[in-house]
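Student: Below, each chain spelled out in residue letters.
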Amino acid sequence: MKITRSVLSALLFLAGVGWQALAVAQQAGAAAPKLPSLDEYTQKGADTCLSCHDDESPGYSAAAIFSSKHGQPADKRSPFGAGGLQCEACHGPGAQHSAKGSKKKLSINSFKADSYLPVAQRNQACLSCHEGTSRTGWHAGTHERNNLACTDCHKIHQPQGDPMLAKATEAEACLSCHKDQRADFHKPSTHPVRYGLMSCSGCHSPHGSTADAMLVKPTLNQTCYSCHAEKRGPLLWEHQPVTEDCSLCHSPHGSLREAMLNKSPALLCQQCHSPAAHPSVARTSNGLPGGSAGGSIFVVAGSCLSCHSQVHGSNHPSGAKLMR
Amino acid sequence: MTTYSPLFLLAALGVLSAAGPAAAQVDTSQWKCESCPFPKGIKGNVDVGAAYVSDDSTTFGNYTGLDSQGAYLDLGGTVSYRGDGGYFADLTAADLGLDIRSITAESGRAGLYSIDLGYAEIPRYFADGARTPFLGNGGDTLTLPQGVGFPAVDTPSMPLATTLQPIELGYKTSRFDIGGKWVGQENWIYSFNLRRDVRDGTKPTAGSFYSNASQLALQVDQTTDQFELAASYATRQLQANVAYQLSEFRNRSDALTWENPFSMGIAGADRGQLAQAPDNRFHQVVASAGYQITPSVRASTDVAYGQGTQNVDYLASTLNPALIPSVPAMPAPSLDGQVTTFNFNAKITAAPTEGLRLHAIYARDIRDNESPILIYPHVATDMFIDPDLRGNTPFGLTQDRIKLGADYTGLEAWKFNAGVDWDNRERSYQEVVTTREATVWGRATWQAEESLALTFDLAYGDRNNSSYGVAYWFGDPNNPRMRKYNLASRERRKAAARADWAVSDTVSLGLGVDWVNDDYSQTVIGLNESEATNISADIAVALSDATHFHAFWQGEKMWTRQSGSQAYAAPDWTGRVEDRFQVLGFGIKHAAIPDKLDLGANITFSRSDSDTSVQTSIGEPPFPTAETARDVLKLYASYKIDENLWLNGSYWYERYDSADWRVDGVQPDAVYNLLAFGNHAPQYRVNVFRVAVRYQF
Numbered sequence: 001m002k003i004t005r006s007v008l009s010a011l012l013f014l015a016g017v018g019w020q021a022l023a024v025a026q027q028a029g030a031a032a033p034k035l036p037s038l039d040e041y042t043q044k045g046a047d048t049c050l051s052c053h054d055d056e057s058p059g060y061s062a063a064a065i066f067s068s069k070h071g072q073p074a075d076k077r078s079p080f081g082a083g084g085l086q087c088e089a090c091h092g093p094g095a096q097h098s099a100k101g102s103k104k105k106l107s108i109n110s111f112k113a114d115s116y117l118p119v120a121q122r123n124q125a126c127l128s129c130h131e132g133t134s135r136t137g138w139h140a141g142t143h144e145r146n147n148l149a150c151t152d153c154h155k156i157h158q159p160q161g162d163p164m165l166a167k168a169t170e171a172e173a174c175l176s177c178h179k180d181q182r183a184d185f186h187k188p189s190t191h192p193v194r195y196g197l198m199s200c201s202g203c204h205s206p207h208g209s210t211a212d213a214m215l216v217k218p219t220l221n222q223t224c225y226s227c228h229a230e231k232r233g234p235l236l237w238e239h240q241p242v243t244e245d246c247s248l249c250h251s252p253h254g255s256l257r258e259a260m261l262n263k264s265p266a267l268l269c270q271q272c273h274s275p276a277a278h279p280s281v282a283r284t285s286n287g288l289p290g291g292s293a294g295g296s297i298f299v300v301a302g303s304c305l306s307c308h309s310q311v312h313g314s315n316h317p318s319g320a321k322l323m324r
Numbered sequence: 001m002t003t004y005s006p007l008f009l010l011a012a013l014g015v016l017s018a019a020g021p022a023a024a025q026v027d028t029s030q031w032k033c034e035s036c037p038f039p040k041g042i043k044g045n046v047d048v049g050a051a052y053v054s055d056d057s058t059t060f061g062n063y064t065g066l067d068s069q070g071a072y073l074d075l076g077g078t079v080s081y082r083g084d085g086g087y088f089a090d091l092t093a094a095d096l097g098l099d100i101r102s103i104t105a106e107s108g109r110a111g112l113y114s115i116d117l118g119y120a121e122i123p124r125y126f127a128d129g130a131r132t133p134f135l136g137n138g139g140d141t142l143t144l145p146q147g148v149g150f151p152a153v154d155t156p157s158m159p160l161a162t163t164l165q166p167i168e169l170g171y172k173t174s175r176f177d178i179g180g181k182w183v184g185q186e187n188w189i190y191s192f193n194l195r196r197d198v199r200d201g202t203k204p205t206a207g208s209f210y211s212n213a214s215q216l217a218l219q220v221d222q223t224t225d226q227f228e229l230a231a232s233y234a235t236r237q238l239q240a241n242v243a244y245q246l247s248e249f250r251n252r253s254d255a256l257t258w259e260n261p262f263s264m265g266i267a268g269a270d271r272g273q274l275a276q277a278p279d280n281r282f283h284q285v286v287a288s289a290g291y292q293i294t295p296s297v298r299a300s301t302d303v304a305y306g307q308g309t310q311n312v313d314y315l316a317s318t319l320n321p322a323l324i325p326s327v328p329a330m331p332a333p334s335l336d337g338q339v340t341t342f343n344f345n346a347k348i349t350a351a352p353t354e355g356l357r358l359h360a361i362y363a364r365d366i367r368d369n370e371s372p373i374l375i376y377p378h379v380a381t382d383m384f385i386d387p388d389l390r391g392n393t394p395f396g397l398t399q400d401r402i403k404l405g406a407d408y409t410g411l412e413a414w415k416f417n418a419g420v421d422w423d424n425r426e427r428s429y430q431e432v433v434t435t436r437e438a439t440v441w442g443r444a445t446w447q448a449e450e451s452l453a454l455t456f457d458l459a460y461g462d463r464n465n466s467s468y469g470v471a472y473w474f475g476d477p478n479n480p481r482m483r484k485y486n487l488a489s490r491e492r493r494k495a496a497a498r499a500d501w502a503v504s505d506t507v508s509l510g511l512g513v514d515w516v517n518d519d520y521s522q523t524v525i526g527l528n529e530s531e532a533t534n535i536s537a538d539i540a541v542a543l544s545d546a547t548h549f550h551a552f553w554q555g556e557k558m559w560t561r562q563s564g565s566q567a568y569a570a571p572d573w574t575g576r577v578e579d580r581f582q583v584l585g586f587g588i589k590h591a592a593i594p595d596k597l598d599l600g601a602n603i604t605f606s607r608s609d610s611d612t613s614v615q616t617s618i619g620e621p622p623f624p625t626a627e628t629a630r631d632v633l634k635l636y637a638s639y640k641i642d643e644n645l646w647l648n649g650s651y652w653y654e655r656y657d658s659a660d661w662r663v664d665g666v667q668p669d670a671v672y673n674l675l676a677f678g679n680h681a682p683q684y685r686v687n688v689f690r691v692a693v694r695y696q697f
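Protein chains in written order, with my numbering: chain F, 1 to 324; chain Y, 1 to 697.
Treat the hints with caution; some may be incorrect.
Derived DSS-like pairs: lysine-lysine, alpha-carbon spacing no greater than 25 angstroms straight-line [as the list claims (entries may be wrong)]: (1) Y/181 <-> F/76; (2) F/231 <-> F/112; (3) Y/596 <-> Y/43; (4) F/167 <-> Y/43; (5) Y/494 <-> F/112; (6) Y/494 <-> F/179; (7) F/69 <-> Y/32; (8) Y/557 <-> F/179; (9) F/155 <-> Y/557; (10) Y/172 <-> F/167.
Worth flagging that the hints you see were computed from the coordinates, not collected in a lab.
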C-alpha cells in the first residue's frame, strides 16, 4: 500500500508540473510576436541586411557586393540604383528573415546549394535582369537542363570578384564538373587553359548555344578560326576534313601528341588515304633508326607531313598534293 | 542587360516567394543605404618582386614565359577609381616582367557607357634541341652555307658536323583588345569589340623534293583582326541581338623559299617554295532572338550569314628555271575564292504539364565554296611537269540537325532526360554524298537522399551513308575497300555513371565512369573500331574551418584498330594504338593564422603511355612505348605584415620526362632522305622561386 501511495503521489506531482509547464508555454506562445509574411520587405532595405551581414560577420558579409557592378548606386539597372530593391532585389523580400525568431534558411533566397528554393526559382532572380544577349540560349541549354544554378559558377559576393569573369580562374569552376576535360588539360599537348592564359568561355558559351558543345560560334570550325584564321581559306587546294571538322584530326582539350593530334601520322593519315604505292604501305617499327629497314622518312619525325607539310591546304599552284 | 522598373523585379520576386502571393509595390524612399560601403576614390595594390628560374627549358617556357635560367622581375597590381555619378576606372596588370604579361583597363560611367582595353602576350615554343644547317631562319628565304659540300646525295654525305647550329623555334602572340559599350534608351545596348592578334617568330614545317625532305623554320609574321559591332534589345518577353562581325587575316610573308640540300640529279631542282597561308577576310552578320510566348513556352533562334574571300596572287608554279619555259600558262592570277556560310537554328521549349518539359531544335549549317573551278598546270616538287592538269575541288558541306528531347521531374527522387538527335550531312566532291546519323539517348538521375545523387547515361547512335563511291580529287584513287572514318557507317555506344555523395558537412566524394565505343563494322580498309574509357574519383574534405583538402584521380584508356592493304586489295596489315593517361592531384589550403598567414600546396602527377603496333604477316615488333611523366609541386604562402602590406612567396618545382620514338634518336642525318631538326622528346627539371611584396593603398 505504501508503494501504491508513493507512486500515486509521484504521478500527481508530475501531472501538476506538466500542467504548469503547459500553461507557461501557452502563455509564452500567446505572447510571441507574429512574424512578417514571406512576401514582406524590410523597412530599411540594405541597412537592415547590413546590420547582420557586415564585415564583422565572417562568412556572412555582403560588403563585397559594393565593389561589383551589382552594387553601383549610379547605375539605374543595378539593384542599388535609384528606387532599386537593393539586397532584396535578388534575395527576395527579407522582412521575415530579418525578424527575430524566424527560420533563417527558410525565409530568404540564399542562392546556396542548401536553399529551400528550387534551382529554377533561384535562377529566375538572375534571369529577370540577365536574360538578354548571351542568355537567350539558356533555356533548354545543356546547363539549364542539368539543373545548374547560376551561383554554382558565379560568386558575386567575393572580395576578389566573380571568378567566372577572370580568365585565370574561370576554368577551375568549369572543370569541377567537367572531369574528362580536367584530365585533358593535364595532357602533354593542350591549349593553355591550365596556365590561365585561355578560358573555357573562349570557345564555349556556358549560358547556352544551339551549336554542338555550346560553342560560341555556329560551328566548330568557325570557333577554331577565331584564333587560327590562317587555316580558314578558302584555298586553291583544300584538305577536305579541314573544311569540315577540325576535330577529325585534333583533340582541342588535349592529347598525348604534338599539335593535339588524335593519332600520329602515318596511321592518322592512313585512316583515309589508301591509294596504291607508298600511302598504303605498312609503316612498321622496322623503319626506326637502327631498325631492320633503317630509318624511314615515312615513320619518324613528321612522317607523312615531312613531304605533305601543307596539311591544312595550300594556295600554291603546284600544291595539289599539299607539298608546296 | 536590361533596365527594369522595381515593379518588374517585384513581380519576379513574387514568383520567387515560397509564400505564393505577389508582393505589393514597395516604398523604397526610406531605404537610405547609409551603412552601404560604396567605394569612393582610388584604391588598389601593387605587387613588386622577383622570380628565379633554375634551368633553361623551352618546353617549360611554353605558356609560362619562364624559358631561361635566371632572374625575372615580378611586377603587377590593380588600381580602381570610383567617383560620383558612377564614373569608374579599373586597371589590372600581371606578370609584367614575363613573356605572359597582361594589362586590362576599363573605364566609363556605370549604367551608361564603358570602354575597355587589353594587352596580353602568349609565348609558344616547339622542338627542344632543334638544329639546322640553314641560314636566314626567321626570314622568308633559307639558304645553305656555300662551298662546304651542299647539296649532297643524302644526309650522311652532308657537311652537318660543321654547319649545324641550334635554332629556337617559337613565336609570341601579342593580343590587343579594345571594346566599348553604350547603354541606350528603351532597353537597347550597343557595343563594339576589336581584337588584334599579332604572331611573330617561327614554327616548324618541312619541304621536300620528291621523297627527299628537310625540316625547316617557317617564318611567322601574321596579324588577325576581329571586329564586332552589335546591338541588343531586351525586355521581359523578347530578347534580340544583331551584330556585324569581320575577321581579317594578314600574312606579311607569302612564301618560304629554301635551298635544296639534296642533289637530285635534275637540272634546276635546287630551290623550293612553300606557299604561306594567304590573306583572307570573313564578314558575317548574325542575329539572335528569344521570345517568351507564354509562361511555359519559349522560342529562340539564331541566324548567321557569312562570306569569306581570298584573292592573293599565286606564286609561280615552280622556281626551277629549266622548267619555267615549259610550264603551261596559269588559268588565273589568283583564286578569287569565295565561301558563303549560312547558319540557322530554331529552338522551342514547352512545359505542358507539371514536371514535364519538351524541347525541339532544328539547325542548318552550310559551307558553300563558290571559288571558281579551273584547270591548273602542276609541277611536281619543282622537279618535273605533271602531264596531267589538275582541277581544284572546292569542298562544300550542308549539315541539318534535328533534336527532340524531354525532361521529366514528376517523381520525387528521380529525374529523367531523353531524346533523339538526327544529323544529316551532304558533301561535295566526296566518296559519299550523304551521311545520316540518328542517336537516341537517355539519362536518369536518382537523388537517393539529400546527400547522394546517382546519374546514369546511355546513348546509341547509328550512322549510315548514301553509298560509297570513289573520289579522284586527290591523285590516285583510294583502295575501293577504304571507308573514311568521317564518311563510314558507324555504330556509337555510350554509357556513363556518376555518383556524388556529401558524406557529411565536411566530406564529399565523387566517382564517375564514361565509356564510348565506335564500331565501323562495314569498314574493311581504314578505321575499324575505337574505344575510350574514363574513370574519375574526387574527394574534398574540410579538415577544419581553416584547412581544406582535396584530391582527385583520373584514368583514361583509349584504343583504336585500323586495317590497311599494301597490295591494294584485301587487308594485309593492321595498326593498333593504345593510349593510357593518369593524373593524380592533391591540394590543401590552410589559414595558419586567420587574416594573417595563408598557406597552400598543390601537387599533380600525370603519366601517359602510348603503344603503337603495325603488323603485317611477318609479325613486326611493336614500336617502343611513347611516354611522358610530369610531376608538379606548387607551394605558396601569403603573410600579412600590416594592414596594407603582404609578403607573398611561392615555390614551383616541375619535372618532365618523356620518350618518343618519333623524334628520339632521329639525328639530322639518321634518315638518309630526311634532313631532320634532330630535336628530342622534352626533359627538364625546373625550380621557380618567387617572392613579392604587395602594398595596398
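Student: If a hint holds in the structure, say so; if it does not, say that too.
Tutor: Here is how each hint holds up against the structure:
1. Taken as a hint, the residue 181 of chain Y and residue 76 of chain F pair is honoured in the structure, with Cα atoms around 16 angstroms apart against an allowance of 25 angstroms.
2. Among the hinted pairs, residue 231 of chain F with residue 112 of chain F is inconsistent with the structure: their alpha-carbon atoms are about 45 angstroms apart, more than 25 angstroms.
3. Between residue 596 of chain Y and residue 43 of chain Y, the direct Cα distance comes to roughly 21 angstroms. Compliance with the 25 angstroms bound is thereby established for this hinted pair.
4. Distance restraint check for residue 167 of chain F and residue 43 of chain Y: the Cα-Cα separation of roughly 22 angstroms lies within the 25 angstroms cut-off, and the hinted pair is therefore satisfied.
5. Using a Cα cut-off of 25 angstroms, the hinted pair residue 494 of chain Y and residue 112 of chain F is violated, with the two alpha carbons roughly 33 angstroms apart.
6. Distance hint between residue 494 of chain Y and residue 179 of chain F is fulfilled; the C-alpha atoms sit about 17 angstroms from each other, no more than 25 angstroms.
7. Proposed proximity of residue 69 of chain F and residue 32 of chain Y is supported: the alpha carbons are some 19 angstroms apart, at most 25 angstroms.
8. This hinted pair checks out: residue 557 of chain Y and residue 179 of chain F have alpha carbons roughly 15 angstroms apart, not beyond 25 angstroms.
9. Distance hint between residue 155 of chain F and residue 557 of chain Y is unfulfilled; the C-alpha atoms sit about 35 angstroms from each other, more than 25 angstroms.
10. Annotation: proposed proximity of residue 172 of chain Y to residue 167 of chain F holds, straight-line Cα distance about 19 angstroms (limit 25 angstroms).
Of the hints listed earlier, those the structure fails to meet are numbers 2, 5, 9, in rising order.
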